[in-house]
Amino acid sequence: MEAATTKCRCGLEAELEKVLAAHEGKKEDLIEVLYWVQKNYGYVPKEVQVVISEKMKVPLSTVYDVITFYHLFSLKPKGKYEISVCNGTACHLRGAPFILKSFEKELGIKPQDTTGDNMFSLGLIRCLGACAVAPNISINSEPHGRMEPELVTKIVKALKEKSKLADCIE
Amino acid sequence: MRCYRAHVLVCAGSACVTLGCHPVKEAILEGIKRHRLEEEIKVVETGCMGFCEQGPLIVVYPEGVMYCRVQAEDAAVIVSEHLLKGRVVERLLYRDTDTNKPIPFMKDQPSLSKQIKVAMRNAGFINPEDIEEYIANEGYFALAKVLSGMSPEAVINEIKDSGLRGRGGAGFLTGSKWEFTNKAQGAQKYVVCNGDEGVPGVFMDRSILEGDPHSVIEAMAIAGYAIGADQGYVYVRAEYPLAVEKLRHAINQAREYGFLGYNILGTGFSFELNIRVGAGAFVCGEETALLASIEGRRGTPKPRPPFPANKGLWGAPTLINNVETLASIPPIILKGSDWYASMGTEKSKGTKVFALTGRIKRPGLIEVPMGMPLREIIYDIGGGVLNNKKLKAVLAGGPVGGFIPADYLDVSMDYESVAELGTLIGSGSLSVIDEDTCVVDLVKFFMEFSCEESCGKCTPCREGLKRMLEILTRVTEGKGQERDIEDLERLSDFIKNTALCGLGQAAPSPVLSMLRYFRPEFEAHIRDKHCPASVCAALLDSPCQSA
Amino acid sequence: MAEVTLTIDGVQVTVPKSTTVLDAAENVGIIIPTLCYDPELSKPGACRMCVVEIPGMRNLPASCVTEAADGMVVYTASPAVIKARKTNLELLLANHPADCLNCHKSGECRLQQYAYNYGVDFGAFAGEKHRYPIEDDNPFLVRDLNKCIMCGKCVQACEEIQANSAISVAYRGFDAKVTPAMDYPLSTTEYSNCVFCGNCVAVCPTGALTEKQMLGKGRRWEVEKVRTTCPYCGVGCTFDLNVMNGKVIGVTSTDGDVNGRALCVKGRFGAGFIHHPDRLKTPLIKENGAFMEATWDEAISLVAEKLVGLKKKYGPDAIGVLSSARCTNEENYLMSKFTRAVIGTNNIDHCARL
Amino acid sequence: MKKIKSVNELVKFKEIVLEKIKERQYGGKTTIVVRMGTCGIAAGARDVMMAMIDEMDKRNISGVIITQAGCAGICDHEPMLEVIKPGNPQVIYGDLDEEKVRRIVVDHVINGQVVEDWVLGQKAS
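Quick note, the sequences are listed as chains A, B, C and D, same order.
Counting from 354, one number per residue, gives the positions in the first sequence under the working numbering.
Counting from 103, one number per residue, gives the positions in the second sequence under the working numbering.
Counting from 73, one number per residue, gives the positions in the third sequence under the working numbering.
Counting from 977, one number per residue, gives the positions in the fourth sequence under the working numbering.
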């Protein structure tokens, strides 16, 4: 199981260089590289876009158009915990809108936003493929099924605790 | 004609034969002989009883008791206990999944008896991280058969004869697609697996990729041999991280064991496979958009022709098949096209995996022969509507499909019959909605989805869906006007007729389906400002109050 | 080459195989309306204006990307086709400012023309419209994305003609828009590599892109277009000088033999010198440290006299000639002949650039 | 593992693998198969797995093979696991949670008593 990705930037530049060197000039690998950046940086920063454009020989405007086309990439930093509420058909029929409302209320943000302390991002996802245990949410790509609006407060609290704990260890 | 006291039916469908029903039959015959029952009991071989997963199967009449997974060693007990003394052998009975009570009679079998697992044969039963378990279940035997004795043309003919059609949605004949790509000119060709299961509410591809990745790898290698490609890509959507992980592992294993790479099984055929992970765009399920995405670009569709079979990935002839389609290939090669074609209907052959979701008691994935009445799927397999509510309709094909209202529940689930109702089998999503679901609200939800996922390239989809969503939103808010019906119809018609890609053309389908089957409910929203299902918040007053 | 014969609106036409229905129709004088189609660019088949009815085909195919086939029957103006085009235009106008009255492209706008042809008016569908800020922070062109119909021709021109890709289509669906990287204006040198060739303006069918210098200088139908050759370099691009009341107000592309519609930033936007007060109109001769106006005869006589003197005194190789890339090939040829045959030296060079 | 270089080798290898699997299942070791598809994990399969391992550690049980499988389509009853004891029918448990799995470890894995209440089905092995 992958722990909550820490989005510390130390050493990332060096790693990015390595990743780019492996894909240098290979335009077709653009999405793969952006995927790596999103995962490790939590978003795709402007300066990284410029480097990618230069190294991969892809026009900067194209890098930007690919980023904005795919839901997975974001231009703004995401929180430490990315909570995505599944809003596929099955989840919708089994109450996903109520789950979303509960999260909006609990976190005080709207979908595609991040809390002020950079702790939580809220998002919508179209089908995790776990429809039989709908409604689903995912926290940092980890799916959780049979969600209920009543569980939301508990989940947010648990994540806050977990984050504190992680900070202590660091 | 001679009368027997009892009949023993031995299922001799291909599955049971594979599982060893013939030794069982011999052993029973021997036991009958030993107990001198030849005059009283007759043993008969039958065709497939449709419960292959539990084979070898034996049914003893007149009671109709069914024994599952019978082995030759069990024959003695069946003869001495059941045939001689009339006592049912409980140990060999099938047990109900809900109650664990043994179910002696075949007619009482609930869900499973109706299912035949082809594409899903291994998923959930073998360890996807262990190639050896796959091999133990005849894995890579189809590839071996193809490479060691079949010409590419013979492989294509086998697939064509099986009648297998693309399970991703369009339902195009898989064999013909292979043939076109085989005949296309090009030094380099590609096989692409479409694992961008973007339709919300279906998850068979995920299940197969996660639970039986080798079946897809094997099928792609077979396809590569058939069309003359030595390279393949599996495109998996990013929302399925586990599937990506399992697939990556499986590809490495397959390489290690020599089922991928140079000179596979010493036959001179080479094939390499790569994974491409999508990045969250429904439209990438469309073939040309998917190829653009593999090439690392924005996933926008291109006009066809040229079809990918002639000009696909980097301009080279490319075969694109979906996960479920591919997973069905190895069994077809091993058991023959006749076996596959014997299931299903005349034009829709074989089995199809459906995802049962929504307001249903037993949601999940089921694989049944095509042509099964929807009623059987919903009630006998799915257990009926949740909380015993009244069934309103079944939504087939997800956000780009349409409704099958309760009145049409006896429709045969095959491509043609479902199309006659104005909807489509699509990738196999069946969402059950009950009396508490408002169709207008649901259709609005679908339109939201389509709007959000529209790539924005062509005018009808980009501008038209937006206006349709605005109208539907207005109607659910009680601000609908009489002309909205006409406008919706006009826009639906326009988008269906002129959008660039299949997804855009299909996007208005739920609206057209709603207007076809639930027009009064829609009109009630506009004229009476009333939501009959009491879902639309703005319209919760009774009709007399809001009038 | 193999040929196919098809029937378009009842007229038989024979064209080479792989000709599109759109081109085949044009062959017999049937003009099908298009927005995203451009013969010089690749065909996205995106605007769906050019749809036609072909019995046997599932939907209304776009004629710009449908190949003519033998025996094909095509209707370019059937009721279904007209209805589709009308709805298409209504949808485009539903997301378009209703300001044709003072739009600079009025009279040269395809959307306007087609709306007139098909009897379409604004407001068929009420709803959200884009509210993008107008970008006019550069001296050359004005981008008003609210008037953009997403035909994509500017993106293609930038990529396929200029090979620059300064702009791209970003975002998706209703929010899709043409933009440089990071949504910055074209003038942001840090993120935009726009060279302001203006080839995007040349292909824009609406008022989304306009030449800044011509704004407010005259309606498009009042302007007289004078075809000429660009004076800036030896390529010899053809363009139209836009003349209003005897004054050049700007440059627009025309179909030149050399350049098609492509121009560079100087050719397209560098016409300001024509009416500039600092422009030299007569030769100047320096007398006592100051330039004095002279006639051409005076000036040429002076130069000839000096050249002859120098040649006599020091020999022809004491003279060197530097010619200009801004001259035409013919002028440069003359210069070369003059240098070698008249002066008698091989000391001739050329700046090869501006 | 060395490469399988011919069709004959593949046929022979299958026999070896089948033998291996048989031996695993009949050779005195208990096998537990946890369904770890996305639906399983969404329904809590990881927690169930962790609880099971924890319980086994606590009770010092060794010689149990824990393996995994994907989604079989009966996602409604996730988390699910299968207990395969040599010589006994395979028991499939469904709708599990941490508490239930701890009891399964004690009752079924250690003491051989099938916890009937949570059994989804049995398969003759």
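The hints are simulated quantities; they were obtained by calculation from the structure and are not laboratory data.
Note that the coordinates shown come from a computational prediction; the quantities given were computed from them, not determined experimentally.
Even glycine gets a Cβ: it sits at the ideal position worked out from N, Cα and C.
Any given hint could turn out to be false.
[Said to hold, decoys possible] Reference excerpt, derived from the structure (chain D facing chain A, CB under 10 Å, subset only):
id, residue
1, Thr1014
2, Ala1018
3, Gly1020
4, Gly1049
5, His1053
6, Lys1061
7, Gly1063
Okay, the hints, checked on the actual structure:
Taking 10 Å as the C-beta contact cut-off toward chain A, the hint placing D/Thr1014 at the interface holds, the least distance being around 5 Å. A least Cβ separation of about 3 Å between D/Ala1018 and chain A falls short of the 10 Å threshold, and the interface hint therefore holds. For D/Gly1020, the suggested interface contact is upheld, since its CB lies about 8 Å from the closest CB of chain A, less than 10 Å. Look at D/Gly1049: its Cβ gets to within about 8 Å of chain A, closer than 10 Å, so that hint holds up.
Taking 10 Å as the C-beta contact cut-off toward chain A, the hint placing D/His1053 at the interface holds, the least distance being around 9 Å. Hint on D/Lys1061 is violated. Least Cβ distance to chain A is approximately 28 Å, over the 10 Å limit. Restraint check, D/Gly1063 versus chain A: the minimum CB separation of about 33 Å is more than 10 Å; hint violated.
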